[in-house]
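Q: First to last, the sequence lines map onto chains Y and V.
Quick note, the first sequence lines up with residues 1 to 305 if you use our numbering.
Quick note, the second sequence lines up with residues 1001 to 1660 if you use our numbering.
It is possible that part of the hints are untrue.
Label pairs and their calculated CB-CB ranges [said to hold, decoys possible]:
no., chain 1, residue 1, chain 2, residue 2, range
1, Y, Gln39, V, Gly1587, 49 to 59 Å
2, V, Trp1026, Y, Leu48, 48 to 58 Å
3, Y, Arg270, V, Tyr1520, 40 to 50 Å
4, Y, Leu283, V, Glu1462, 25 to 35 Å
5, V, Arg1537, Y, Ala27, 52 to 62 Å
6, Y, Leu202, V, Ser1575, 34 to 44 Å
7, V, Ser1513, Y, Met1, 33 to 43 Å
8, V, Ile1523, Y, Gln39, 35 to 45 Å
9, V, Phe1487, Y, Ala27, 39 to 49 Å
Because the hints were derived from the structure by calculation, they are not lab data.
Note that the coordinates shown come from a computational prediction; the quantities given were computed from them, not determined experimentally.
Note that CB positions come from ideal geometry on N, CA and C, so glycine has one too.
The lines below spell out each chain.
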Amino acid sequence: MLIKLLNTLLMVVVALSITGVINRTRALLAGRRGTRFLQHIYNVRLLLRKGSVYSTTTTALFRIAPCVYLGAALMAFLFIPIANLEPLLSFHGDIILVAYLLAFSRLALILAAMDTGSSFEGMGAAREALYGALVEPALMIGLATLALFCGDSSFAEIFSEGQVLDVNLTIVLLLVAYIFVIIMFIEGGRVPVDDPKTHLELTMIHEVMCLDYSGIDLAMIQMAGWLKNAIFAIIAANAVSAVFCFHWGFAAPLAILGAGISVGVVESLRARNKLSRNITYILTLSALSALVLLVGFLLMQDIQI
Amino acid sequence: MYLYSLLAAMLVIFLIFLVPKRLKVWVATGVVSLVAVAAIAVAVMAFCDMKLDAVEFTTTLFGAESFAIDKLTALMLVIISVASVATVLYSRGYVAGYLERFSSAHISIHYTALVTLVVSMMLVVMSSGGFSFLFSWELMTIASFILILFEAERQDVRRAALNYLVMMHIGFIFLVAGFVLLYNVTGSANFEAIQDYFHLEAPLPLFVILFIGFGMKAGLFPMHIWLPEAHPAAPSHVSAIMSGVMIKTGVYGIIRLMQAVEDGSLLYSVGLIILISGAVTGLWGVILAAMQNDIKRMLAYSSIENVGVILIGLGIAAVGHAAGSPIVGMCGMCGALLHMVNHSLFKTMLFFSAGNIYSKMHTTAMNEMGGLAKHMPITAIMMLFATVAICALPPLNGFVSELLIYIGMFNGVGSGHEVLYSVTGIIALSLIGGFVVLAFTKLYGVVFLGSPRSHHVAECTEVDNQRIVAMAIPAAFILMIGLMPQFVIHPIALVAEAVTGTDPTLASIHFGSSLETLSYIGIAFVAVVALLYVLKRRAQRKRVVTEGPTWGCGFTALNTRMQYTGESFSEGLESIGRPLMKDTVDGRAVDKGEIFPAPHRYRIKHSDKVDSLLGRWWVQMMHRINEYVMRLRTGRVNNYITFALVFLVVVLVLTLFGVL
Chain Y
1 MLIKLLNTLL
11 MVVVALSITG
21 VINRTRALLA
31 GRRGTRFLQH
41 IYNVRLLLRK
51 GSVYSTTTTA
61 LFRIAPCVYL
71 GAALMAFLFI
81 PIANLEPLLS
91 FHGDIILVAY
101 LLAFSRLALI
111 LAAMDTGSSF
121 EGMGAAREAL
131 YGALVEPALM
141 IGLATLALFC
151 GDSSFAEIFS
161 EGQVLDVNLT
171 IVLLLVAYIF
181 VIIMFIEGGR
191 VPVDDPKTHL
201 ELTMIHEVMC
211 LDYSGIDLAM
221 IQMAGWLKNA
231 IFAIIAANAV
241 SAVFCFHWGF
251 AAPLAILGAG
261 ISVGVVESLR
271 ARNKLSRNIT
281 YILTLSALSA
291 LVLLVGFLLM
301 QDIQI
Chain V
1001 MYLYSLLAAM
1011 LVIFLIFLVP
1021 KRLKVWVATG
1031 VVSLVAVAAI
1041 AVAVMAFCDM
1051 KLDAVEFTTT
1061 LFGAESFAID
1071 KLTALMLVII
1081 SVASVATVLY
1091 SRGYVAGYLE
1101 RFSSAHISIH
1111 YTALVTLVVS
1121 MMLVVMSSGG
1131 FSFLFSWELM
1141 TIASFILILF
1151 EAERQDVRRA
1161 ALNYLVMMHI
1171 GFIFLVAGFV
1181 LLYNVTGSAN
1191 FEAIQDYFHL
1201 EAPLPLFVIL
1211 FIGFGMKAGL
1221 FPMHIWLPEA
1231 HPAAPSHVSA
1241 IMSGVMIKTG
1251 VYGIIRLMQA
1261 VEDGSLLYSV
1271 GLIILISGAV
1281 TGLWGVILAA
1291 MQNDIKRMLA
1301 YSSIENVGVI
1311 LIGLGIAAVG
1321 HAAGSPIVGM
1331 CGMCGALLHM
1341 VNHSLFKTML
1351 FFSAGNIYSK
1361 MHTTAMNEMG
1371 GLAKHMPITA
1381 IMMLFATVAI
1391 CALPPLNGFV
1401 SELLIYIGMF
1411 NGVGSGHEVL
1421 YSVTGIIALS
1431 LIGGFVVLAF
1441 TKLYGVVFLG
1451 SPRSHHVAEC
1461 TEVDNQRIVA
1471 MAIPAAFILM
1481 IGLMPQFVIH
1491 PIALVAEAVT
1501 GTDPTLASIH
1511 FGSSLETLSY
1521 IGIAFVAVVA
1531 LLYVLKRRAQ
1541 RKRVVTEGPT
1551 WGCGFTALNT
1561 RMQYTGESFS
1571 EGLESIGRPL
1581 MKDTVDGRAV
1591 DKGEIFPAPH
1601 RYRIKHSDKV
1611 DSLLGRWWVQ
1621 MMHRINEYVM
1631 RLRTGRVNNY
1641 ITFALVFLVV
1651 VLVLTLFGVL
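Extracted from the complex, chain Y is given alone in its bound form (with noise of 0.2 Å):
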């Protein structure tokens, strides 16, 4: 049980860093003071205490969303262990869960969206309905990876203690963390797929969906945003650590910072893509994924190529 604590404490520490460590770093490379590490922190809870403007077009499915959104988030994330601890939650198909579950807080953010009746909103929606099927496969054909190697389907027994991997599938490994930290980018709504920065509601996807909410709405979606990025950053975080070493000590600071600096990094040095191109970029996620499926099979069968 103080293992499973010690798991949920853990993981909250990385929800709340991984955002503040993304600034520092972009501040950092921009040459910039930037602003304080925990400022995320405060913006929220600014949001937390103000009141609320509802467009009269909506319904009260567009008040509900946010709960949805933020629920759904909640739930994937108790299931998600660091390394060699044990999430608070746990049964064999769980990882299905999870993928369902991030699935269900898109859906409930994209209707929200529709309802505002508003053209950029619809636009975002799109967006994010195509860009959320798309990288679909990715995220099952990785989950299913990790499930090949260890032979089962919940993240509690893949990440859990005994499992040796071979020295030989060091690569495949690196490969369904750096497809993971991919999959964050994507559905975190950041370079290059999406720009949260970005002046233009026009070529907004995560962002554009949530103009119309403010206040407490406004700071669950936010919040959601943290616990998903947490989930992408944790399971690339346990896929490295399960080559060098697998304890909690290390995945933790490692998923903090891996993340957080990749996507500062990544943010810095690049432009976001055409949003024509996002197509071919997340497809072409899907099929490294499929193709380190099939080289992990291989390698675990032994077959020399």
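Add chain V to chain Y, keeping to what the hints say.
A: Relative to chain Y, chain V alone:
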């Protein structure tokens, strides 16, 4: 005993013709409810392993035939009963709008066909003899044909119905050929004889012939093209029962075929055929579903996609058994069977919702709607519920069946035996899962949310209570399966045992505890969302909450026509979906160079490429044959006498050489 009650029902339905117009629906409701209650009672008896004697009788038409009820039949009976009771309840409100226009005989024929459809579907799943099966199958086709023809004064309805009838008979020819072949080789046309046939002769040809025959009803690619034509033409309750239940009889036939295949290399090839056709059907269906701008066409394509999902499950089950891992087989089979049940529930609800909209809006074109949730709140809630269920999202029932299929596939990957098959399934199912969310958020968002796109929306009101009750029946089952899957899996595992011969305890050992946990997690999820909402409301009580117009990003002259339409919502998918479709454009889009655009009319319809491919090929061939035949029609008597002479000579020659 039950069989006789069905036959009695067939006799009683002619009462429909005798009663006044408004009471006809009640006669139909009464008959269908009685039959359904009897069916459920029989099904429960079958599940409790009570001995049910097979009814055998000899007719001059078919010879000795028998009707029997095993667990698979029992499951199908439950599916049919629930959906048909909901359908007949729903039909009252829907048909009420037509009572003025249509004659008494018209309404009578409609209800007679509806009851006949229910009874014939029950006969289809009960008959174990091939010929009585074919008879009931044909009865089912004709009954549904009459049902589609309800609004027979519309030309598109007549065309769709005729198209349906032709397609079904092409499938029927395959079935007849298959069963005759079976009869020739084994001397019996029973389903049990298929197994003997597979021992005696090369099994794959018969398998493929019957697979095509059943696949036509189930809507397998490329035989799915009747679905998107027939469903928009049929009244909504008919679409509901056809899509929710009738296409499942095709899947039922495929399961019966699988049952006859014994472990071994044949099971591998069968599994591969089923898996690949499931994956192709599912992906094709879902991409086209996402592109449609007509509610009922979109729902029809979504049915095709769901049949694909069921077949992926069946394929994984077959491959798993062939590879000697009963766990994978069990998961795939349970998932597929449960998905059959699930799809019959949420698809009925979705078609009922579409019917509610059609009866108020008098159209099914999505792009004329918008903001319906404010005028039809209960329909909106019901549709949202069904949307979440069909998107396979937890905690509703669609998730449970897809979870089981996924567990099977992940097990296949994990055990390292059927990795390639399982990965194919995972890729297909995950893509399907993603696109379903796209398709249904488009449907729901464009129809119910936002602001109205035409003035008809303002005139819409909520439908009558009876239709709401009819929708609540499947909703209750959806909730029950979604929140308490551990109780539902037991009978499903029993059916899986009957089909594949695996020990049903395997199911409870392998995923019984998972489903139990899932049930708690589903309840916890609902509780968390509710708690967050309550907390939010409490916090907002102390804050200033105001209302205002939607943020227009600085633009102040917003109007409702600037909203995202269905077409623009799926625009991004078009680059992927283009090879599958043929677009027909009516009018012209605004050109990039037009700085001050004049009013434009633009309507686009995405039709299936297979549809035009098959259609064009068929028409061209008929034309060519006609040309040849017309040359013989000279109009001169002497020529015709020559033809007769030639014919006689040919017959004589053939007889001399002993060919005839």
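Q: Among the hints numbered above, which are violated by the structure, and what are their numbers in rising order?
A: Of the numbered hints given earlier, those the structure breaks are 4, 5, 6, 7, 9, listed in rising order.
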